[in-house]
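**Student:** Two chains, two frames, a set of hints: combine them into the complex.
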Amino acid sequence: MSVLDLPDLALDLILELLPPSGLSSMAKVCSSLRERCVSDHLWEKHLITKWGKVLGPAAHRDWRCYISSSCHLDSPNNRIGHHPLGFDKIISLIRSISSGDEKRKRYAASSLPLDSTMSFYLSLETGRFWFPAQVYNRENGHVGFMLSCYDAELSYDTHTDTFQARYAPHGRKAVAVEKGVTWERLRAAPIDISPHHLHVSDSLNELKPGDHIEIQWRRNKAFPYGWWYGVVGHLESCDGNLNHCHCHLNEMVVLEFNQYTVGSRWRRTMINKRDHREEGNEEEGFYGGIRKLSCKEEIAMWTRLWPSSILE
Amino acid sequence: MSKIIVLKCVGHNPKDFELDKVVAVQFGLIKDLFHGDFDAESKIVVDVPVKFNSYIIGRIIEFCRNRASWSSDRAYWEQDFFHPCREPNQRKRKELIAIMEASEYLCMESLVELTTQSLANYLKGKSPLTIRSLWKVEGDLTAEEEAKALAMGVAKLGH
Numbered sequence: 001m002s003v004l005d006l007p008d009l010a011l012d013l014i015l016e017l018l019p020p021s022g023l024s025s026m027a028k029v030c031s032s033l034r035e036r037c038v039s040d041h042l043w044e045k046h047l048i049t050k051w052g053k054v055l056g057p058a059a060h061r062d063w064r065c066y067i068s069s070s071c072h073l074d075s076p077n078n079r080i081g082h083h084p085l086g087f088d089k090i091i092s093l094i095r096s097i098s099s100g101d102e103k104r105k106r107y108a109a110s111s112l113p114l115d116s117t118m119s120f121y122l123s124l125e126t127g128r129f130w131f132p133a134q135v136y137n138r139e140n141g142h143v144g145f146m147l148s149c150y151d152a153e154l155s156y157d158t159h160t161d162t163f164q165a166r167y168a169p170h171g172r173k174a175v176a177v178e179k180g181v182t183w184e185r186l187r188a189a190p191i192d193i194s195p196h197h198l199h200v201s202d203s204l205n206e207l208k209p210g211d212h213i214e215i216q217w218r219r220n221k222a223f224p225y226g227w228w229y230g231v232v233g234h235l236e237s238c239d240g241n242l243n244h245c246h247c248h249l250n251e252m253v254v255l256e257f258n259q260y261t262v263g264s265r266w267r268r269t270m271i272n273k274r275d276h277r278e279e280g281n282e283e284e285g286f287y288g289g290i291r292k293l294s295c296k297e298e299i300a301m302w303t304r305l306w307p308s309s310i311l312e
Numbered sequence: 001m002s003k004i005i006v007l008k009c010v011g012h013n014p015k016d017f018e019l020d021k022v023v024a025v026q027f028g029l030i031k032d033l034f035h036g037d038f039d040a041e042s043k044i045v046v047d048v049p050v051k052f053n054s055y056i057i058g059r060i061i062e063f064c065r066n067r068a069s070w071s072s073d074r075a076y077w078e079q080d081f082f083h084p085c086r087e088p089n090q091r092k093r094k095e096l097i098a099i100m101e102a103s104e105y106l107c108m109e110s111l112v113e114l115t116t117q118s119l120a121n122y123l124k125g126k127s128p129l130t131i132r133s134l135w136k137v138e139g140d141l142t143a144e145e146e147a148k149a150l151a152m153g154v155a156k157l158g159h
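Those protein sequence lines, which keep their order, are chains D and L. Just so we're aligned, residue 1 is where the first sequence starts under UniProt numbering, counting upward by one. Just so we're aligned, residue 1 is where the second sequence starts under UniProt numbering, counting upward by one.
If we strip away everything but chain L, and leave its shape as in the complex, we get (with noise of 0.2 Å):
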């Protein structure tokens, strides 16, 4: 018998999630407690921390999964997986960046590189008005730099 692993998490929705090898290895938080041994028996159990939650957990999962599947609509399934920009809601957003903080705990470099990756092209081209209005954040300059930032106008592409 192998080494059998298990995600373990708490809070609203708790669920356990036992990973196979080619999943399990690329969690790299995984990767370091075994010291890369997968092969040694036991059972492992590892507490996920509870403000991820077992739904944002199961999507990093899947994405473990169709990474080792190497399966021809891998290229289309990534694609979707991380398009944020799915409007007029922010569920997709906010789902992404859970996603980023989770595998910046779970030392996950590549997801937490693809997860930044999409929401940096997700603000780029924008205007600071369009922003404000999707991140619903509070503009706080005073009237002349409000001005200012209004008369810039949407920005082009730079060399």
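So that you can see chain D by itself, here it is in the shape it has in the complex (with noise of 0.2 Å):
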């Protein structure tokens, strides 16, 4: 009996089941497996599991425009390492159906186009596609972006299962690079903005001491804005007794980084919530956008993240 004997309903119910790997073998089995297993049903499943949590609305956005522009066509600059799963040769594969010759009259009905979900996760997969996304302690763990997340281009390695990581130069620096980024320091922006963009806050009025926040901050007005963890604390007045505690009603609202020492610079600011824009100087920084963190996970990863030591 042939598999393609099966009704088709029992042959979605496997394939259904099947992972990648797995469905990329059966595709090249025959052309008739191949119209199946090129489904987007199939592989957004995969999608999701695998890449949901990175993955923004930037990101499929600069996924539309990478189909759509012809840098990605294959060049020498554009090629990659081999991949264990072949994910390469079908990237070739669904560039030479897609390219108007013989096989795409075959496979009319059936082409897959490269906007196919099948054709993204392969290009995630095989690192051909950056993809933008935030890392948390960029840079290894450096010492001056502890506790903070910073908006980059990543790029999957399969063979060692972490991302290379370029990040938006600081003025006139050198892209700076990392590589072995793992999962765990990945995030999807959260709020859909330009790193270089001021994020206008829109719940200064809710802050009370006690909440956990992220503020845009940046060295000087050329460099693109981090996300940085802190938490709102009480003003200087107030005894910090909740039961009698007005903080919230004050204008001024004090954020605190308690990742640094008593008495360092970084470890205290303050916060006129009125028209709250952006406010800083050259030695300090400037300080924008804030957002309150309600989410548990979110706050119990900058929690997982806390350095061992205070920083100076």
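Rather than coming from a laboratory, the hints here were simulated on the basis of the structure. It should be emphasised that the depicted structure is a prediction, and the values quoted were computed from it without experimental measurement. A few of these clues could be false.
In silico EDC-like pairs for lysine to aspartate or glutamate, Cα to Cα no more than 16 Å straight-line [as the list claims (entries may be wrong)]:
id, chain 1, residue 1, chain 2, residue 2
1, L, K43, L, D16
2, L, K124, D, D12
3, L, K124, D, E16
4, D, K221, D, D161
5, L, K31, L, E104
6, D, K50, D, D211
Simulated coverage check for chain D against chain L, where a stretch passes if three residues somewhere in it have a Cβ under 8 Å from a Cβ of chain L [to be verified]:
id, stretch
7, 252-258
8, 294-306
Calculated from the model, a selection of chain L residues having no Cβ within reach of chain D, i.e. all distances over 12 Å [as the list claims (entries may be wrong)]:
id, residue
9, K15
10, V25
11, G28
12, D32
13, Y55
14, N66
15, T116
16, L119
Note that the Cβ used here is the ideal one computed from N, Cα and C, for glycine as well.
**Tutor:** Right under this line is the structure:
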């Protein structure tokens, strides 16, 4: 009995249970199976399962630009290393199908468009497509970036199951590159905004002592923002007793960065809630938009990254 | 007297199977027919489509009885029941496929899941050429595609 003699529903049920490597193998068996194995609904589950947490709106936008531009076409500068599952060969096959040659006629009803989910998945998997996301504690936990999250372009390395990150340049400095970035240090940008744009804070009046926040900060106005973790503190006039604390009613809000030692200029700053945009100077940098953290998982992530010793 | 449920198989080797309650409740089709009421007195005969022969229905009932019995060797028995790889012949795989189709008709969700998972597990890790050979599928790729397929080799497990 041929596997193709299975009723459609039965075959689909089996295909839905296959991992990406299995679907890839089945797609190479014959043309009929290829037509089934490249369909979006089979690959969407895999895309979401493996990549869902790190792909935000910016990544999907960049993917659409990537496939519509000519820069992804096969060229010596664009080749990547051999993928153990042969995904790089499938990418070539996909492009040959879409290039308008004889094969295209045969696959006219089932040709794999470059904007298919399978194409997206394989391009991520092979590292061919660099996608935007954010990296916690960039540059191998560099002390100058501890408890921050910065935008970067990421490329996956399937051999090590880690990423290479390219960070936006800081002024004239060379682009910083980091290898070996693990999955747990990545996130999709929680706010869809360029790292050079100021986030307009929308929850300032709700802030009260004990709240967890992230705030944009940059060394100078030519640099991109990073998001830095902090906690809302009490005003100096308050003794910290919650029963009669009125700090939340004050137009000034204290932000504490307790990863720094007491007395450090980085440990504490104050923001005026009224019309806050960006405040600062060339010495202490510029504090920008604030987002209040409500999700326990987000807060737990920062707690996990807490440095083992206080920073100077 | 409680309900008597008979599964009537026609065609090659016709046979009637009388089901007790613990087995009958596992058939979603039968459960729907009786709205879950298995205690009212009556006799019901359910005609099984001719494409599902009595051997396959018998195997499904055997599975249901084993499930109902909670015997200590149940796990071992099920492992053998679902193992698709009785080489060199394809009898066991054909049997699994037939059980999958019949259990889908009989609305037995758990058995459908178990059989499809077994068949999917069988396909995992196999190269396209191996799949073609085992499943007797004719490859109709072009020479260029064939060469690329052969060059890919056996896939390793990915992350």
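**Student:** The structure should be examined with respect to each hint, and the outcome stated for every one.
**Tutor:** Hint by hint, here is what the structure shows:
At most 16 Å may separate the alpha-carbon atoms for a hinted pair to count; K43 (chain L) and D16 (chain L) meet this at roughly 13 Å. For a cut-off of 16 Å, the pair hint linking K124 (chain L) to D12 (chain D) stands: about 15 Å separates their Cα positions. Of the pairs offered as hints, the one joining K124 (chain L) and E16 (chain D) holds, with about 12 Å between alpha carbons and a cut-off of 16 Å not exceeded. Using a Cα cut-off of 16 Å, the hinted pair K221 (chain D) and D161 (chain D) is violated, with the two alpha carbons roughly 35 Å apart.
Distance hint between K31 (chain L) and E104 (chain L) is fulfilled; the C-alpha atoms sit about 14 Å from each other, no more than 16 Å. Proximity of K50 (chain D) to D211 (chain D) is assessed by CA-CA distance (about 31 Å); at most 16 Å being required, the pair is judged violated. Remark: the stretch 252-258 of chain D is not confirmed as covered by chain L, as 0 of its residues place a Cβ nearer than 8 Å to a Cβ of that chain, below the required three. Only when three residues or more bring their CB closer than 8 Å to a CB of chain L does the claim for the stretch 294-306 of chain D stand; here the count is 0, and the claim is violated.
With a minimum CB-CB distance of about 23 Å to chain D, K15 (chain L) clears the 12 Å threshold, and the non-interface call stands. Consistency note on V25 (chain L): stated as away from chain D, and its beta-carbon is indeed over 12 Å from all of that chain's, at 23 Å minimum. For G28 (chain L), the condition that its CB be more than 12 Å from all CB atoms of chain D holds, with the nearest at approximately 16 Å. The Cβ of D32 (chain L) lies farther than 12 Å from every Cβ of chain D, with a closest approach of about 19 Å, so its non-interface assignment holds.
With a closest Cβ-Cβ approach of about 16 Å to chain D, Y55 (chain L) is found to remain outside the 12 Å limit, as its non-interface label requires. Chain D leaves N66 (chain L) outside its interface by the beta-carbon criterion, the shortest separation being 23 Å against a cut-off of 12 Å. Interface exclusion of T116 (chain L) from chain D breaks down, the closest Cβ pair being 4 Å apart, not more than 12 Å. Residue placement check: L119 (chain L) does not keep its beta carbon more than 12 Å from all beta carbons of chain D (closest about 5 Å).
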